[in-house]
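Protein chains in written order, with our numbering: chain S, 1 to 262; chain U, 263 to 550; chain F, 551 to 867.
Where hints are given, some of them may not hold.
Computed list of chain S residues with no C-beta within reach of chain F, every gap over 10 Å [unchecked claim]:
| id | residue |
| --- | --- |
| 1 | 32 |
| 2 | 52 |
| 3 | 54 |
| 4 | 72 |
| 5 | 79 |
| 6 | 116 |
| 7 | 145 |
| 8 | 166 |
| 9 | 198 |
| 10 | 200 |
| 11 | 245 |
Derived Cβ-Cβ restraints for the label pairs, each shown as a range [unchecked claim]:
| id | chain 1 | residue 1 | chain 2 | residue 2 | range |
| --- | --- | --- | --- | --- | --- |
| 12 | U | 399 | F | 680 | 39 to 45 Å |
| 13 | F | 639 | S | 129 | 33 to 39 Å |
| 14 | U | 386 | F | 638 | 32 to 38 Å |
| 15 | U | 266 | F | 639 | 41 to 47 Å |
| 16 | S | 23 | U | 538 | 28 to 34 Å |
| 17 | F | 701 | U | 269 | 54 to 60 Å |
| 18 | S | 129 | F | 824 | 38 to 44 Å |
| 19 | S | 108 | F | 639 | 39 to 45 Å |
| 20 | F | 824 | U | 532 | 39 to 45 Å |
| 21 | S | 129 | F | 575 | 33 to 39 Å |
What the hints contain is simulated information worked out from the structure, not anything from laboratory work. Because the structure is a prediction, the values reported are computed rather than measured. Quick reminder that beta carbons are idealized off the backbone N, C-alpha and C, glycines included.
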Amino acid sequence: MTERLLHVDSVTVRFGGLVALDNVSVDIARGTIHAVIGPNGAGKSTLLNVVTGLYRPSEGDVTFEEESLSGRAPHLITRQGIARTFQNTELFGEMTALDNVVVALDSRYACNGISAALHDGRWRASEAEARGEARELLALVGLSEDQDSAAAALPFGKQRRLEIARALATQPKLLLLDEPAAGLRAAEIEALNRVLLDLRTSRGLTILVIDHVMALVMAISDRISVLNFGRKIAEGVPEEVRASPEVIEAYLGKKAAHAFSA
Amino acid sequence: MLAQVLVSSITAGAVYALIALGFVLIYKGTGVVHFGYGDQVTFGAYLVLIAQALIGLPFWPAVVVALVASVLLGALIYGGLMWPLRNASLLAQIIASLAMGTVLREFVRAYMGPSAWPFPFLLSPAPISVFGILVVPANLAIVGVSLGVLALLFLLFERTFHGKAIMAACDNRIGASLIGVQVSMVFLAIWILSSVLATVAGVLVAPLLTLSPDMGLIGIKGFTAAVLGGFNSLPGAVIGGIVLGVLEALAGTYVSSALKDMISYGILIAVVLVRPQGLLGVLAMKKV
Amino acid sequence: MAGRALIVAIAVAAFFIAPHALAEFHLFQICLVAGTALVVLGLIVVTGFAGQISLAQAAFVALGGYGSAILAARWGIPLWAGVPIVSIGAFVVGFVLGQMTLRVSGHYLALVTLAVTAIVQIALIYSDNVTGGAAGMPVPAFEIFGLTLSTGAQLYYVIVPATAMLFLAVHHLNHSHYGRALAAIRQSETAAELMGLNVLRYKAAAFGASGFLGAFGGGLLAPLSTYLDPAQFGITQSVYFLAVAVVGGMMSPLGALVGSIVFVLLPDFLQAFQTYLGLVFALLLLGFIVLRPEGLAGLRLPKGIVAALPRLGGERR
Numbered sequence: 001m002t003e004r005l006l007h008v009d010s011v012t013v014r015f016g017g018l019v020a021l022d023n024v025s026v027d028i029a030r031g032t033i034h035a036v037i038g039p040n041g042a043g044k045s046t047l048l049n050v051v052t053g054l055y056r057p058s059e060g061d062v063t064f065e066e067e068s069l070s071g072r073a074p075h076l077i078t079r080q081g082i083a084r085t086f087q088n089t090e091l092f093g094e095m096t097a098l099d100n101v102v103v104a105l106d107s108r109y110a111c112n113g114i115s116a117a118l119h120d121g122r123w124r125a126s127e128a129e130a131r132g133e134a135r136e137l138l139a140l141v142g143l144s145e146d147q148d149s150a151a152a153a154l155p156f157g158k159q160r161r162l163e164i165a166r167a168l169a170t171q172p173k174l175l176l177l178d179e180p181a182a183g184l185r186a187a188e189i190e191a192l193n194r195v196l197l198d199l200r201t202s203r204g205l206t207i208l209v210i211d212h213v214m215a216l217v218m219a220i221s222d223r224i225s226v227l228n229f230g231r232k233i234a235e236g237v238p239e240e241v242r243a244s245p246e247v248i249e250a251y252l253g254k255k256a257a258h259a260f261s262a
Numbered sequence: 263m264l265a266q267v268l269v270s271s272i273t274a275g276a277v278y279a280l281i282a283l284g285f286v287l288i289y290k291g292t293g294v295v296h297f298g299y300g301d302q303v304t305f306g307a308y309l310v311l312i313a314q315a316l317i318g319l320p321f322w323p324a325v326v327v328a329l330v331a332s333v334l335l336g337a338l339i340y341g342g343l344m345w346p347l348r349n350a351s352l353l354a355q356i357i358a359s360l361a362m363g364t365v366l367r368e369f370v371r372a373y374m375g376p377s378a379w380p381f382p383f384l385l386s387p388a389p390i391s392v393f394g395i396l397v398v399p400a401n402l403a404i405v406g407v408s409l410g411v412l413a414l415l416f417l418l419f420e421r422t423f424h425g426k427a428i429m430a431a432c433d434n435r436i437g438a439s440l441i442g443v444q445v446s447m448v449f450l451a452i453w454i455l456s457s458v459l460a461t462v463a464g465v466l467v468a469p470l471l472t473l474s475p476d477m478g479l480i481g482i483k484g485f486t487a488a489v490l491g492g493f494n495s496l497p498g499a500v501i502g503g504i505v506l507g508v509l510e511a512l513a514g515t516y517v518s519s520a521l522k523d524m525i526s527y528g529i530l531i532a533v534v535l536v537r538p539q540g541l542l543g544v545l546a547m548k549k550v
Numbered sequence: 551m552a553g554r555a556l557i558v559a560i561a562v563a564a565f566f567i568a569p570h571a572l573a574e575f576h577l578f579q580i581c582l583v584a585g586t587a588l589v590v591l592g593l594i595v596v597t598g599f600a601g602q603i604s605l606a607q608a609a610f611v612a613l614g615g616y617g618s619a620i621l622a623a624r625w626g627i628p629l630w631a632g633v634p635i636v637s638i639g640a641f642v643v644g645f646v647l648g649q650m651t652l653r654v655s656g657h658y659l660a661l662v663t664l665a666v667t668a669i670v671q672i673a674l675i676y677s678d679n680v681t682g683g684a685a686g687m688p689v690p691a692f693e694i695f696g697l698t699l700s701t702g703a704q705l706y707y708v709i710v711p712a713t714a715m716l717f718l719a720v721h722h723l724n725h726s727h728y729g730r731a732l733a734a735i736r737q738s739e740t741a742a743e744l745m746g747l748n749v750l751r752y753k754a755a756a757f758g759a760s761g762f763l764g765a766f767g768g769g770l771l772a773p774l775s776t777y778l779d780p781a782q783f784g785i786t787q788s789v790y791f792l793a794v795a796v797v798g799g800m801m802s803p804l805g806a807l808v809g810s811i812v813f814v815l816l817p818d819f820l821q822a823f824q825t826y827l828g829l830v831f832a833l834l835l836l837g838f839i840v841l842r843p844e845g846l847a848g849l850r851l852p853k854g855i856v857a858a859l860p861r862l863g864g865e866r867r
């Protein structure tokens, strides 16, 4: 079933005099990987923040599964099925990799306060279940040996994957990835691509990814939207976008656009 | 009657303003909120007493000695406490400034006793009648000094290169040092300046409030004044002080004198919750 | 499991042997340490675990002490029931106070909690028909099962078990999803929110817990001192509890115990220097926050993190 999972409807975001997003509309179809690219400052992170509820749109609306998200608190948006990772990994550095994932599972598995205070059978059961699923998720992203390491001690590529495992723990229908490939070496990018494609096929997950790294974007996206100065300037399958003169101009300037189209 | 209340309240307001200026100076200059500043003001006044008692100096030379000592104190606080903690968490810095204030307060309590000391007025405490309203010259001195300090600091920050360097250093430490601003020297200067200001404030305020180790609790009022005016605004500190003084006096006269303080604290909580940037401050937005 | 059972057995044995082996004065000290540790535990939950600075602890202690004393003196509710009742009330007050963290944090939060302490103290002095005003009020005797407990040796049998049980409960909660949630919030509020944690509710709950524990400690300490004086519940006391937490170790319940032992026993060692006591406490606080902010009980971090790194308070400026 290819239906619209996320609908960003003519969203405008203003910070005082600065217009970060200008009348942007994007449709994300269920079960696809949709990339949003554009030069720095184009408004990509702002778009993510609007969808997750951290920013409120000055105009326009965001609907998820045909329900409006406007005004909803971020933690409730998460509970509805949208998860995200961060540009600067916001892992819980002092906690182990396993605990980082367990925290995200707690809203589903946690027992009541009395059981927690007594450390009784019910508490033991809920802890075991949570830890079990956390281990599965870590295995999914290839971090099984690192489960007891402090998150801040992991190498960068693994931290990124841990972020994804943590995001998956909230059982999202839509996963938002904020520059997941930034700073990764070629081999790490390939590993990441495999994980993301696998998530789409085996779990039917819908992914919205923001990035600059073409090795990721071109390899895995079903559709790409291009932003520049807060406006959408192109959209389509990777081949179309790659050849679009507007996109080339945005990235490389007018002369390059002429050169390419000639 | 109302006019008298207002005029008298400006005195209290000026006291708050003078202390608030110190808070805002340190915050604007170094980005740190010095929770122990009220105790530093008290300590400044005690320095004069100690100079008199220990060295046997008459009043004015003792004040000079106290001012010199407060330069050293400011340097010591920066070098021994704030600089080592410059990268520590906010919590650690708040606790550190609280601790500093407590050390000064307890030092004074241990060495000079817990009871109050009389402190001489700089100008006459006898009221004179101006257009039927009683005005006290000693209080006018406080108002005058507050405004004078404000003018000086305002000129420093807005008009001189040094002032702009300080603002730059506070906003962006790395950027400022890249363009040649020696950040640690800037911060040191601010801490010394505020320490001297604390002693000046102490000398003016002590005769009014009677000097005791707990006089530093007036710091909360200074804080409230700073928050009311906008914590990153120097004129705001003075305006906040005056406004607080007036509101307090009005509450004391028309509501209840015993609950006057409670109303001030209530104002603090209300301002922080409803309009944290105060009257003249600017709200900073956190970018994700 | 056998090791744990052994420790429990030893602890219980020690508990019953102590009153026969120690003098009244020492038993009184133990009660004082227990009550103080409970109060400081509350502070550790909100400021250490949740990373929210609170200078309102003295106000909660006052609520516990005065509240239970007034319930006993005016309405005949015995202290053994009054203390828990008032503590639950203090939880609610703390929870409401914690709602403010939606709007304020850091400096402003410190300021607001400071103001709360000041307001409560003024209220105590002002309501002299209920609280005895500036002169204070005597604490009614602690009566339970028809017995009157007034000495340290007698109150020991109530204060120490109550403290031990609450410590155990907090220790368990800290090793459950509550503790994980607070640790997550302390390290990255944004990420915690997006992992589905209702950050505001957890912070408010932490404040509530600090209220509950502070009031409970206050309620247990009141019959020890037999008299309530409003001068004991001001900003200086809030800072004192903070000092105990910092010196003991802000990040673990053990820190509350260690800190309380230090601060309660220190005056005995400084007999000749009574006047300098306050100065010594202040210098301890200053020294520790600069040189060893994780306190005596220190931090235990998962493998890989340099343990010497002071990590008090989570997010850096």
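Status of each hint after checking the structure:
Consistency note on residue 32 (chain S): stated as away from chain F, and its beta-carbon is indeed over 10 Å from all of that chain's, at 22 Å minimum. Against chain F, the non-interface label of residue 52 (chain S) is violated: not every CB pair exceeds 10 Å, the least being about 6 Å. A beta-carbon of chain F comes within 10 Å of the beta-carbon of residue 54 (chain S); the shortest separation is about 7 Å. Once the 10 Å rule is applied to beta carbons, residue 72 (chain S) is consistent with being away from chain F; the minimum gap is 12 Å.
Its closest Cβ contact with chain F, about 5 Å, brings residue 79 (chain S) to no more than 10 Å, contrary to its assignment away from the interface. Here residue 116 (chain S) does not stay apart from chain F, with its beta-carbon only about 4 Å from theirs, under the 10 Å limit. No beta-carbon of chain F is positioned within 10 Å of the beta-carbon of residue 145 (chain S); the least distance is around 13 Å. A Cβ of chain F approaches the Cβ of residue 166 (chain S) within 10 Å, the least distance being about 7 Å, so the stated non-interface status is violated.
Every Cβ of chain F is farther than 10 Å from the Cβ of residue 198 (chain S); the closest lies at roughly 22 Å, confirming the non-interface assignment. The claim that residue 200 (chain S) lies off the interface holds: its Cβ sits roughly 21 Å from the closest Cβ of chain F, which is beyond the 10 Å cut-off. Look at residue 245 (chain S): its CB is around 38 Å from the nearest CB on chain F, clear of 10 Å, so calling it non-interface holds up. About 44 Å separates the C-beta atoms of residue 399 (chain U) and residue 680 (chain F), a value consistent with the hinted range of 39 to 45 Å.
In this structure, residue 639 (chain F) and residue 129 (chain S) meet the distance hint of 33 to 39 Å, their C-beta atoms being roughly 36 Å apart. A hinted range of 32 to 38 Å is violated for the C-beta pair residue 386 (chain U) and residue 638 (chain F), which are about 57 Å apart. Judged by the Cβ atoms, the range 41 to 47 Å given for residue 266 (chain U) and residue 639 (chain F) holds: they are separated by roughly 44 Å. Restraint check, residue 23 (chain S) to residue 538 (chain U): a C-beta distance of roughly 33 Å satisfies the suggested window 28 to 34 Å.
A hinted range of 54 to 60 Å for the beta carbons of residue 701 (chain F) and residue 269 (chain U) is consistent with their spacing of about 58 Å. In this structure, residue 129 (chain S) and residue 824 (chain F) break the distance hint of 38 to 44 Å, their C-beta atoms being roughly 57 Å apart. At roughly 33 Å, the beta carbons of residue 108 (chain S) and residue 639 (chain F) sit outside the given window of 39 to 45 Å. For the pair residue 824 (chain F) and residue 532 (chain U), the supplied restraint of 39 to 45 Å holds, since their beta-carbon distance comes to about 41 Å.
For the pair residue 129 (chain S) and residue 575 (chain F), the beta carbons lie near 51 Å from each other, so the given range of 33 to 39 Å is not met.
Comparing the model with each earlier hint shows violations of hints 2, 3, 5, 6, 8, 14, 18, 19 and 21; every other hint is respected.
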